[in-house]
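So you can see what is in the structure, the chains are spelled out below.
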Amino acid sequence: MWLNQFLVLSAVLFSIGVYGVLARRNGVLVLMSIELILNAVNINLVAFGSYVQTVVGEVFALFVITVAAAEVGVGLAILLLLYRNRRSVDIHDVDMMKG
Amino acid sequence: MSPSVDWAALLPQIFLGGGSLVMLTLGTLVRKRAPWWLPNVLGIGLTLAAFGSVVWQWVRVQDPSRGAFSTIAGTVQIDGFAVFLSGVVVIAALLALVFAPFSIRRAGLPPEEFSVLLLLSAAGGVTLASANDLIVLFLGLEVLSIAAYVLAALDLRRAGSQEAGLKYFVLGAFASAFFLYGAALIYGAAGSTKLDSVAAALAAGAGSNARGMLLAGFALLLVGLFFKVAAVPFHAWTPDVYEGAPSPAVAYMAAGVKAAGFAALLRLFAGTFSASSADWRPAVAVVAVITVLAGSALGVISGDVRRLLAYSSIGHAGFILVGLESAGANGTSASLLYLGVYAFMALGSFAVVMVMGRDASGSQPLAAYDGLARRSPWLALGFTLLLLAQAGLPFTTGFWAKFEVIGAAVQSRTYWLAAVSMLGAVVAAFVYLRLVVRMYLVRPGADGDALASQKSGVGLADDSRSGDEDSDSRPPVAVPRSVGFVVAVCAAVTLFFGVWPAPLLNLAGDATLAVLGG
Chain P
1 MWLNQFLVLS AVLFSIGVYG VLARRNGVLV LMSIELILNA VNINLVAFGS YVQTVVGEVF
61 ALFVITVAAA EVGVGLAILL LLYRNRRSVD IHDVDMMKG
Chain H
1 MSPSVDWAAL LPQIFLGGGS LVMLTLGTLV RKRAPWWLPN VLGIGLTLAA FGSVVWQWVR
61 VQDPSRGAFS TIAGTVQIDG FAVFLSGVVV IAALLALVFA PFSIRRAGLP PEEFSVLLLL
121 SAAGGVTLAS ANDLIVLFLG LEVLSIAAYV LAALDLRRAG SQEAGLKYFV LGAFASAFFL
181 YGAALIYGAA GSTKLDSVAA ALAAGAGSNA RGMLLAGFAL LLVGLFFKVA AVPFHAWTPD
241 VYEGAPSPAV AYMAAGVKAA GFAALLRLFA GTFSASSADW RPAVAVVAVI TVLAGSALGV
301 ISGDVRRLLA YSSIGHAGFI LVGLESAGAN GTSASLLYLG VYAFMALGSF AVVMVMGRDA
361 SGSQPLAAYD GLARRSPWLA LGFTLLLLAQ AGLPFTTGFW AKFEVIGAAV QSRTYWLAAV
421 SMLGAVVAAF VYLRLVVRMY LVRPGADGDA LASQKSGVGL ADDSRSGDED SDSRPPVAVP
481 RSVGFVVAVC AAVTLFFGVW PAPLLNLAGD ATLAVLGG
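These protein sequences, in sequence, are chains P and H.
So that you can map any letter, position 57 of the first sequence is 57 in this note's numbering, and since no number is skipped, the others follow by simple counting.
So that you can map any letter, position 317 of the second sequence is 317 in this note's numbering, and since no number is skipped, the others follow by simple counting.
In case anyone wonders, no lab produced these hints; they're calculated from the structure.
Everything numeric in this text was worked out from a predicted model, so none of it was measured.
Errors might be hidden in some of the hints.
To be verified - Partial list, computed: chain P residues near chain H (C-beta under 8 Å):
| id | residue |
| --- | --- |
| 1 | Val41 |
| 2 | Phe48 |
| 3 | Ser50 |
| 4 | Leu80 |
| 5 | Leu81 |
| 6 | Tyr83 |
Backbone N, C-alpha and C define an ideal beta-carbon position, used for all residues, glycine too.
So here's chain H without its partners, still in its complex pose:
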């Protein structure tokens, strides 16, 4: 007897995974004759199609007469939670593909491989978000990660990218192995890999005769997934990978891979293991606190903008963990809201970081942003908005995300966690404000002037204000239209839903786990 397959439920995977395989096959046939932008345009088309099917699934799931459903013998669960996070992953892939051509041209990334790997990784992320079986969860995690390892190493000529790929691979594969060992122990303790059956078995007191095995399984699953979402103390790879990997890949990792990793964490722990929440909540609380504080503190001492954003993404992972810790429908929707709004902040920020380029050693010192507001006012404005949102300033989406997460912690009566995360948010705000101050108030130093004269000596197009004593004589940063579009979209989403958050809050509130009911 073969299980029934609801193909409509798998449409995003078909567009992303199937499309990327077709592209790979066709690409080997016509490689020499196809123009360089074709894979990128095809990739954008496929992600748009996947996004369309995600929207269609959302409408279907939210229709009260139909609701959440599962398919392929209950191994794939399409509920509000799955569709919301699939949407985040698909948007991350879409926007990364939109601004990737700049990097493809400048760094010489192979365009076809980039699109194919990004689509494959997104297919894994969508599978992970809707998995309802430990085997499917594992497959989604691996498809997501293996493609991401290659994406990190894709800038073949730059040693930093190779190093990023190696570090990401070794630690990621190590983490996957931990995850898998935990999954095997859970299977042993509960007698099934289906998450519904595992939840029912736990609620019925299964594993009480094998409690050690169950707890070891929780611990190993947590360690494996903490690696993937870059929570302290499993974060060591993050700064190096974010610094070395190509920027569009990093933007996708920060927005999409993190969302997919949290999809697994939330579905497993807030959903399936909610009956044993007393066992795992203390561990998550401790890691969340360390992650929030360490992410903020390390961001303060970091001297490279890519590393700074890496530490900030660690700090954000800590806040999302605060939502997971409160272990309920409120905490889950707060975490989802955070993942959704952080995706836009991360994509926009890394688009800006991409156009600012690298120095000879492959890094990007904070001084590169000195006086950016005079050189490229619009770019500086967009980046400022995204940074302020990450700091959690009111009237940006970042504020509502932090507000909801800390509110969920207060509701579940973990007041100390709420207090410490607010403290972490204050420290983190300093990190972002430092960069904003550099853009608006700091004049470029002596080395900046030397760079400026060197550049104008080369004869680059200078801006019309070059005669002005007050203005910086360096030319404005060249921002291609595609990058400008992504930064503008991300900043607009951040500001618009920051001022008018009701639709976003409702969206995240409707994205419930079927297992939690509602």
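Looking at chain P on its own, in the form it has when it is part of the complex:
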């Protein structure tokens, strides 16, 4: 089995995710970009798991999926709170404090 193709796919997804977090203004898209990075990690974990022939990688990926769900729940709640006050989820507008 080839490991490289999975690692390359994962690295590409990771890079797209990092670009999204840094460049996107919409808060929901930033959350989605973070999810993209986490899924890149999952691909890595499962690929390594099947490469070293242990089940640990898959178990790790399951934990990542669970925690990612909790994280996105909190993130959406914070964005919703912000939307109620400002009628916008543009995270570049959120810069009241500077200095």
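Put chain H on the given structure of chain P with help from the hints.
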């Protein structure tokens, strides 16, 4: 075959995590009928119980006939290091809960959510401190952080708190993702997530055929954890979050979350990856220097006390990194000592900052402290002591912490690092002395007088010295007993162990990583 579980090793997590879940469940049932202080008192009880079990674990680990042990198939390691940092996290949660009622009353924080989230976050911190597997490490980090994101945004009505929550969340989740990618690469290179096996594989030269993967894994793990402990250049969130979030939450973040983040850094790098220390030490050295210097320099130009303390916490993170850089038992115990004494300084300082309140724009200018020594001499004295300790003055714990960290750098022959961090300490001292001078020597300016007359016009209780020409006519700052207690405890610990440091030095010296032996 299910692994054996030593429940006694998990007692702190049971009290903190289990207790908070029970509180959450019961809270939804009796919410309307329970008095507002009940969650707080329950939280204090649970953290005290957790602290008791941490002390019990310490006695067990230090007993030479028993020593460090691991449980749940070796994924949880209870050694001196884990127990010491668990203790720091639990104390941070305990003291934050003790002085939180003031903030709960004034800012209208939801009392139950505050206690539950603080306990959950502390449970994550304890898990992180004792994790011996990349999966457990990740779970601890996330439980710690996700609860802390919500804590930062808990002051629902204030826009600054929402902003703090959002910034902390986006950058924290981003950092967690980096950490996770690094963990996956380390798993791939070493073939196991267990830290013992990873250390053994590295020592046996594993990953020499996948060296790029190993180095990328180190780099990504470092970036993720540098975000969590607020090291420059990954510190951008810190001032905004410290300014916007509710003060008890900030005190816990500065003391507890930082200690937990360093627990992961120290266990992974000083412990597990010690065989490849030549690879990661230069990176840590550079970040440590930038962090010490930038934290001090940015503190000088900051005009808000919360931001000033945020930059100071960045600077302290730099000093702790100096201890990590020396990559050995000495450096690790110096870092632990620093984390322990800084926790008290941070908790006390943010308790003072909390009672000083916010102005209309939600900030707290340095001018708020003008002449504080005349208005509230005891509060000013306590704050002065905590600030001088942060500056590293002799006869305070801050001095011994800096002394040990720089001593460890000298011992590992990184003289330039020791020299630059001493320079940083001098610059940082200016930041704290500026605030002390304002409290003792500066008379309140014209705007202060206007504020004073406005306040006395409202008819607040004035102090008896109001007739005195020399004294400030503003009333003393109202300090509730709980806040006074926390400030007094923190100042007393700082001064007492500053004069008599031997027990503290021994405590940190005994808090060794099992992986380093000893």
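Checklist entry - Is the shortest C-beta separation between Leu81/P and chain H less than 8 Å? => result OK, holds: Leu81/P within 8 Å of chain H, min 5 Å.
Next on the checklist: Given a cut of 8 Å on the nearest C-beta pair, is the interface hint for Leu80/P held or broken against chain H?
Outcome noted: 10 Å, violated
Checklist entry - Taking the closest Cβ pair, is Phe48/P under 8 Å from chain H? => result 4 Å, holds
Next on the checklist: Take the shortest C-beta to C-beta distance between Tyr83/P and chain H; is it under 8 Å?
Outcome noted: 10 Å, violated
Next on the checklist: Can you verify the interface hint for Val41/P: is its Cβ closer than 8 Å to any Cβ in chain H?
Outcome noted: 5 Å, holds
Checklist entry - Does the nearest C-beta of chain H fall within a distance shorter than 8 Å of the C-beta of Ser50/P? => result At about 11 Å, which exceeds the 8 Å cut-off, the nearest Cβ of chain H leaves the hint on Ser50/P violated.
Hint check: violations occur at hints 3, 4 and 6; the rest are consistent with the structure.
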